[in-house]
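Enquirer: Chain by chain, the residues run as shown.
There are 2 protein chains.
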Amino acid sequence: MIGELNDMKNGFFELIKRIRYYNDAIAVLNWDLNTGAPRKGVFQRAEVIGMLSAEAFKLSTSDEMGDYLTYFDETDVSSKLDAITKATVRECRKEYDKYKKIPEKMYKEYVILTSEAESLWKDAKKDNDFELFKPYLESIVDYNLQFIELWGYKGNKYNTLLDLYEPGMTVEKLDAIFSELRSRIVPLVAKIKESVYQPEDQFLNQYFDIKKQEEFGLYILDRMGYDFDAGRLDETEHPFTTGINPGDVRVTTHYYPNDLMSSVMSSMHEGGHALYEQNISPDLYGTPLCDGTSMGLHESQSRFWENIIGRSRSFWQKYYGNLQTLFPEQLKDISSEDFYKAINKVEPSLIRIEADEVTYNLHIMIRYEIEKALINGEIRVADLPKVWNEKMKEYLGAVPPNNTKGVLQDVHWSGGSFGYFPSYTLGNIYSAQIYNTVRKEINDFDEIIKRGELTKIKDWLTEKIYKHGKLLEPAEIIMQVTGEEINPGYLVDYLENKYKDIYKL
Amino acid sequence: MIGELNDMKNGFFELIKRIRYYNDAIAVLNWDLNTGAPRKGVFQRAEVIGMLSAEAFKLSTSDEMGDYLTYFDETDVSSKLDAITKATVRECRKEYDKYKKIPEKMYKEYVILTSEAESLWKDAKKDNDFELFKPYLESIVDYNLQFIELWGYKGNKYNTLLDLYEPGMTVEKLDAIFSELRSRIVPLVAKIKESVYQPEDQFLNQYFDIKKQEEFGLYILDRMGYDFDAGRLDETEHPFTTGINPGDVRVTTHYYPNDLMSSVMSSMHEGGHALYEQNISPDLYGTPLCDGTSMGLHESQSRFWENIIGRSRSFWQKYYGNLQTLFPEQLKDISSEDFYKAINKVEPSLIRIEADEVTYNLHIMIRYEIEKALINGEIRVADLPKVWNEKMKEYLGAVPPNNTKGVLQDVHWSGGSFGYFPSYTLGNIYSAQIYNTVRKEINDFDEIIKRGELTKIKDWLTEKIYKHGKLLEPAEIIMQVTGEEINPGYLVDYLENKYKDIYKL
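The listed protein sequences correspond, in order, to chains A and B. Its first residue numbered 1, the first sequence is counted upward by one per residue in this note's numbering. Its first residue numbered 1001, the second sequence is counted upward by one per residue in this note's numbering.
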């Protein structure tokens, strides 16, 4: 019996390793596509990626996989499994059920649909043409409704989609979370707007040499403990992180000559994602557990490093001098304190990805409410531009002049990623909640940042979060680290304290 | 019958496309490994490449493949095949027979052996320790002898290995070729050595800014007609070309701040390889015919662009001014003619890859004679250092001070590539033979170079050679292009004429 169990485990992990290796190869091919692959090779590359994805898909949903899962799910076997095998079975079962329940033909149609829709969305956004995108989006929503029927749902239909990105998250929980955020953030934004003090940030838009921006970005990543022997920094149009395996986690940024902070903040943001993936425990290499436990928790790490560390007073007390040395002319009359306030200026904007820490969550709230209503049939795709603009007015006091800067701004829906947006706000909430804990557990937290000992923080996060990968589910990790369930109060406390000080409220 | 034939063809080309796509992915993964993949991800990357290679191997030797080949080889079917299918069957048959005849266990052992030997060879070379490498090399030779028995051979055993890289090449032909080269090149080298005129080339070793070297390399590649929408130039330790598909053919170079010509010449060399692959006819995409027809013909193109164009007087009459503009201080007292002579300086050296046009083929001859003798049991691996040094003395008048600069200098044997070296000299011969033809067919050939109309030459080569890929075998192409079989006389004529002029012989 033990012999059989071991044989089954070995076979199972062999199969899983093959799936993982396909995904590793696909990750490199995609990274390469985004970092300078020649234009004329793109078409064939797409076919190569398609073939490898299909092979991985076949293995994930193979009878062999089904047989292993059935075996491991038997009560007397299941009770004998170690934690890693158990969690691996759990993750494989999720994938298996998810794809097995969708007829192959339907799945293929959906893959083609979303791939066409992504390309069409680009045109629609460029030309401010919602009508062009509308039929595709309607179709994508339809497919998602069918998936929900096939997969089943508990309570709200939208729960099934949320669960794809944040296991265990529900509409019930999110409604409560967003309600608390709204009730405290909307008044905060209003007060900030009315404040007589407004930071001066024009100096951030002078000319800043790109090579020097890169030098600073590399320096900060190194200070954070990003391992350049297990990664690299490149430039791309849109910054991203690619975790191929923990020994190869690559980040990208984008340099704008007239915007100093864009590259610095995106390097820290992607650096946060990368620290998570570089520091997963070696036990989990080659399994589906070798990944962040949820999109929300992943985003919490990018946000933690970008905002909580990277937009803090202590951080710039340490590193502003380095920036001044690189750009002595541009920053000669600016103090560290001026700089800190400038990079934390709050201004309601139309575009989510340009939003500050305070208004960002309002952008997410709009998307959450729209998705929930769409999936529950309360609004139709045709209503989106109108609903979008109404909600923008309500939460942010600004109405987009066109759909390009409104409902068409984000790529997510064209790829079918309904349920993803809340991850961003969950990330912000988790990061503030973790911040509250780490300040208690690491003595002199602010002093440590002021001394630039950022790797002490990285080590703490590794111990508490990173090393576990997907072995623990997000709710377990948050409970284990902070001693309570997700609690949006910490985020609002953090924002209120920080911005009351900056805006002298 | 026609319906069946079409169905079989479709299925066959589907299978082939899958194999090709695996190889495309592997090519990108290898390129990435060599252009900056993080050190810590290398181990897992090797496993990923191993798995994908195994999948491609399985398909190439599958029963499915065997059944297709048997079907297409039937006389009444074979006679109905179009040229592309026929040549594709020919290439697949070669691969299939090659691998099917080797027991799987033996093949795996050999793959592991050569992979270990490559890494060991690096140490042996670094430490000047032939004894360390010897047992591995003995074993590799043994395996090759066994492969020859399994594959069969006609005439000399070494023919079977030659055929792997240059289909149709034999010891009989090569002996005659090398004998002619030796009888005319050895005296030429002696005369050059005795000449009172010796070009001054010290100025090439001043400091040359790397960014400017890159700028010049990119400019020349562009002038040659290298398509940057279907490729890119990167820096690596050892320059190479990766042809992923004709829409994605990447070249690399290496910049030395104290050696201007190294990067220029290697860019043109790799550029020549790349022009070949970028210009294969679209009909052949996705088949095994989408490649250079042999290593010799591939090498002829790198050599053509590097030496025949890139070391010609006409070329530098056109482009030397650009170089002077980039490096006005370093080149201020040097004329285009001085420069031309400097970059063509002939000096017997110990290292093959540093050799000039004239002595290069003597290096290859040494390797050819050693390989032939090893495979025919006339010498043993243990004799190699001694034999190497004797032949160096005989052909080049120089004895290496140690094995690092002698018998251990090249990577090829550690990977089992016996039979490969002659490709370099075949490439030189083909390039001179093609040069003799193109000068007759394109009016004012030298004037065209002087005007920088290099793409006219690229277009001619595309029409005559590149577009055919592997559809035609190397001997067919040479016959079709030049009207005769391979003829080493043109190479020696070219060298004699060129160097008599430079050295005023």
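Hints were generated in silico from the structure; no laboratory data involved. Possibly wrong hints are sitting among the right ones.
[Claimed, not checked] Computed cross-link-like contacts, SDA-like style, restricted to lysine to any residue with a CA-CA straight-line distance of at most 20 Å:
#1 B:LYS1017 - B:MET1051
#2 A:LYS40 - B:SER1139
#3 A:LYS345 - A:ASP201
#4 B:LYS1157 - B:ASP1129
#5 A:LYS17 - B:LYS1058
#6 A:LYS58 - B:GLY1225
#7 A:LYS405 - A:GLU347
#8 B:LYS1040 - A:GLY286
#9 B:LYS1108 - B:LYS1126
#10 A:LYS456 - A:TYR219
#11 B:LYS1040 - A:MET224
#12 B:LYS1058 - A:ALA56
#13 A:LYS40 - B:ILE1334
#14 A:LYS58 - B:LYS1157
#15 A:LYS211 - B:LYS1212
#16 A:LYS17 - B:GLY1225
#17 A:LYS40 - B:ILE1026
#18 A:LYS467 - B:GLN1044
[What the hints assert, rightly or not] Among the chain A residues that face chain B by a calculated CB cut under 10 Å, a handful are:
#19 GLY41
#20 VAL48
#21 PRO401
#22 GLU441
Note that the structure is predicted; figures quoted are calculated from it, not measured. Using N, Cα and C, we set each Cβ at its ideal position, and we do this for glycine too.
Enquirer: Now tell me, hint by hint, if it's right for this structure.
Expert: How the hints compare with the structure:
1. Pair hint B:LYS1017 plus B:MET1051 holds up; C-alpha atoms about 18 Å apart against a cutoff of 20 Å.
2. At most 20 Å may separate the alpha-carbon atoms for a hinted pair to count; A:LYS40 and B:SER1139 exceed this at roughly 44 Å.
3. Under the criterion of a C-alpha separation no larger than 20 Å, the hint pairing A:LYS345 with A:ASP201 is consistent with the structure, at around 8 Å.
4. A hinted pair counts as satisfied when its Cα atoms are at most 20 Å apart, and B:LYS1157 with B:ASP1129 does not qualify at roughly 30 Å.
5. Between A:LYS17 and B:LYS1058 the alpha-carbon distance is near 18 Å, which keeps this suggested pair within the 20 Å criterion.
6. For a cut-off of 20 Å, the pair hint linking A:LYS58 to B:GLY1225 is broken: about 42 Å separates their Cα positions.
7. Taking the CA atoms of A:LYS405 and A:GLU347, the gap is about 16 Å. The hint holds against a cut of 20 Å.
8. Of the pairs offered as hints, the one joining B:LYS1040 and A:GLY286 holds, with about 15 Å between alpha carbons and a cut-off of 20 Å not exceeded.
9. Annotation: proposed proximity of B:LYS1108 to B:LYS1126 is violated, straight-line Cα distance about 28 Å (limit 20 Å).
10. Our distance criterion of 20 Å between C-alpha atoms is met by A:LYS456 and A:TYR219, whose separation comes to about 17 Å.
11. Only pairs whose Cα atoms come within 20 Å are accepted, and B:LYS1040 paired with A:MET224 is accepted, the gap being roughly 18 Å.
12. For the proposed pair B:LYS1058 and A:ALA56, the alpha carbon gap of about 17 Å is at most 20 Å, so the pair holds.
13. Note on A:LYS40 and B:ILE1334: the hinted pairing is violated, with a Cα-Cα distance of about 41 Å set against a maximum of 20 Å.
14. The hinted pair formed by A:LYS58 and B:LYS1157 fails the criterion: a straight-line CA distance of about 45 Å is larger than 20 Å.
15. Our distance criterion of 20 Å between C-alpha atoms is met by A:LYS211 and B:LYS1212, whose separation comes to about 17 Å.
16. Restraint check: the Cα-Cα separation between A:LYS17 and B:GLY1225 comes to about 43 Å, which exceeds 20 Å; the hinted pair is violated.
17. For the hint linking A:LYS40 to B:ILE1026, the alpha-carbon distance of about 19 Å falls within 20 Å, and the restraint holds.
18. At roughly 19 Å between alpha-carbon atoms, A:LYS467 and B:GLN1044 fall within 20 Å of each other, so this suggested pair holds.
19. This hint holds: A:GLY41 has a C-beta 3 Å from the nearest C-beta of chain B, less than the 10 Å allowed.
20. At a threshold of 10 Å, the smallest CB-CB gap from A:VAL48 to chain B is about 5 Å, leaving the interface hint in force.
21. Checking A:PRO401 against chain B by beta carbon gives a least distance of about 36 Å; that is not within 10 Å, so the hint is violated.
22. Because the closest C-beta pair between A:GLU441 and chain B is about 29 Å apart, greater than 10 Å, the hint is violated.
Consistency with the previously given hints fails for numbers 2, 4, 6, 9, 13, 14, 16, 21, 22, ordered from lowest to highest.
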